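Generate the whole structure from the sequences, applying the supplied hints.
Each chain is listed here by its residues.
Number of protein chains: 2
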Amino acid sequence: MLATIIDGAHEVRVEHVPDPVIADPTDAIVRVVASCVCGSDLWRYRGIKQVTPGSRIGHEFIGVVEATGDAVDAVKTGDFVIAPFYVCDDTCVNCRNGVSTSCLAGESWGALDRNGVQVDGGQGERVRVPLADGTLFVVDGDPVRTEEIPGLLSLSDVMGTGHHAAVSAGVGPGDTVAVVGDGAVGLCAVIAAKRLGATTIIAMSRHEDRAALAREFGATHVVPERGDEGVARIRELTGGIGADRVLECVGTKESMDQAIRSTRPGGMVGYVGVPAGGPELPIGRLFGTNVGVNGGVAPVRGYIPELIDDVRSGRIHPGRVFDLELPLVDAPEAYAAMDERRAIKVLLRP
Amino acid sequence: MLATIIDGAHEVRVEHVPDPVIADPTDAIVRVVASCVCGSDLWRYRGIKQVTPGSRIGHEFIGVVEATGDAVDAVKTGDFVIAPFYVCDDTCVNCRNGVSTSCLAGESWGALDRNGVQVDGGQGERVRVPLADGTLFVVDGDPVRTEEIPGLLSLSDVMGTGHHAAVSAGVGPGDTVAVVGDGAVGLCAVIAAKRLGATTIIAMSRHEDRAALAREFGATHVVPERGDEGVARIRELTGGIGADRVLECVGTKESMDQAIRSTRPGGMVGYVGVPAGGPELPIGRLFGTNVGVNGGVAPVRGYIPELIDDVRSGRIHPGRVFDLELPLVDAPEAYAAMDERRAIKVLLRP
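Those protein sequences? They're chains E and L, same order as listed. For the record, in the first sequence the residue sitting at position 20 is 20 according to UniProt numbering, with numbers rising by one throughout. For the record, in the second sequence the residue sitting at position 134 is 134 according to UniProt numbering, with numbers rising by one throughout.
None of these hints come from the bench; they were simulated from the model. All figures in this text were calculated on a predicted structure; none of them were measured in a lab. It is possible that some hints are incorrect.
Identical copies look the same in the list; a pair holds intra-copy or inter-copy alike.
Dumping the calculated DMTMM-like pairs for lysine to aspartate or glutamate here, alpha-carbon to alpha-carbon at most 25 angstroms [said to hold, decoys possible]:
id : residue 1 : residue 2
1  : 253       : 229
2  : 76        : 325
3  : 49        : 280
4  : 253       : 280
5  : 194       : 175
6  : 76        : 24
7  : 194       : 90
8  : 76        : 90
Laid out in structure tokens, this is it:
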């Protein structure tokens, strides 16, 4: 089969690799219907995060089950499934506590599993899925229509991650919410904030196309300024005190600083941007203002059940963050397009 | 009248100062029935925080109103009142948001008010109270009995502050809670955790008298170990994952590290220890484990209405944290006793 491989900075290729086979009774084999490139994949693509040459890559995919191991019960051949961006058993204490990203049996796409066997990356034609019963969400009900593919794929990561930012910040009815970051996750965070009842949603964006999408998703205001000017604009829009909840969807020192300073006293920052080497959080400022910081790597597996009906019914449209679709063989171009900001998020079809 | 004055490290004296008078129509004059020394007062006493020689000190007191300005409505001469550890109007947007410590008109005991007039410290015979309607809580119902004094005084700061740690951490029924710090605030945090329904409460204490009081207040376990050993003990007691909620009531680098590492994935640290010059929070660890950090300077004014009935009825006994009572003239000894850990918290009676 074909799979995407990364060798180093700006070195992505699509190559023939062995077809996956069931290696453990809890495995399933999934034929990928769609996968995509994540903003976090760009860290390796840009050389910010080190790469072992020849690594499989990709951690968001949806597809159809082709085979299952003897110990797999909940997932059957022929099921249409959504894979979250990590492997989990959905039964351990951390999974039961809603933090399946800290699953005690957790594994990662593209790495070795607990038995030392290669787990496929998501950007390929097929994937061996460990702990299939826990990891995979089965899409039941009406057969999946082609136009539903992007929305369902967003539940692998970005929609659930934006939702986690909003949940972590405690967004509720009537809240004023600011969203830092206008990538796919930030845009999904706008959807999530509106879905949870926020009435004023301020998207921080300086890209006209992304700002337009944010407005379609429910943003009531767009603030292009950053830094001190950005904070000042948020304060102007919030009676001088800052937003009740701020969703940090970037992960840089500057974006977290922006988020914390844009939050009103007693408010909360919900953050999902993977921290890019810091910063440590300024405890003195947080203490003085009672601004809390909550969030982390999003346990999206647990959010799929509560989000999927809104996606399938068309009440929310997170699939619109995919603004470029390419065949799998063009994965190198998909990375380049996202790296050069020619695309918000690229969907790949084998 | 007599008032306590601090001139520098280990230099506390009780001196005659002018009686306070109404300086603003929103002022009240309160005759102090009881005040006390705060752990945070020790920072100045120990020279960790700089002192302007001749400063008034003390920020927790209860007493009886002796006079009110023309604009004071809610507070009347003869009322028995509780003063929180700060001045607030209880009407601004931050106060309405439950963060009266960020009151837009807020002031501090012992400092100058917005008109440049001295505000008395709490450790004295009388105090001019700015913004009396917002700042003071009137104790109504049955007349205050002598034995109620310590409990009511605890609502000025420590009981409300321990409660804030628990509320910020989101303590709820059935939770497992660890409390870092066995000072008056940590002990009150044990009370608060139990009151909010926690069923397992682990007090981290290496002082037998304090550990005993923690047990009386509701602690189900006491862990004397600190650092890696302390974390290991908490994990042993919590099925290997850490406590659902951890209440940080100290404010040092070591205590915050202990708190964060003792929290289970997806759990929350509620912190009220005044940060002693750091540390900044480790974002990478917080992100990976979805441990949130919430809290800050406790808005105790807003908590008095919900706590006072439990204090007056004897359902909770936060007044027991006062284990030494001295006349006001012995304030220097009160500081020494707390500095040398001969007392948990000292009550002063003019």
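Hints versus structure:
no. : hint      : result
1   : 253 / 229 : within (16 angstroms within a copy, 33 angstroms between copies)
2   : 76 / 325  : neither (29 angstroms within a copy, 72 angstroms between copies)
3   : 49 / 280  : both (19 angstroms within a copy, 24 angstroms between copies)
4   : 253 / 280 : both (8 angstroms within a copy, 13 angstroms between copies)
5   : 194 / 175 : within (9 angstroms within a copy, 31 angstroms between copies)
6   : 76 / 24   : within (16 angstroms within a copy, 77 angstroms between copies)
7   : 194 / 90  : neither (28 angstroms within a copy, 31 angstroms between copies)
8   : 76 / 90   : within (17 angstroms within a copy, 60 angstroms between copies)
Checked against the numbered hints above, the structure breaks hints 2, 7 and satisfies the rest.
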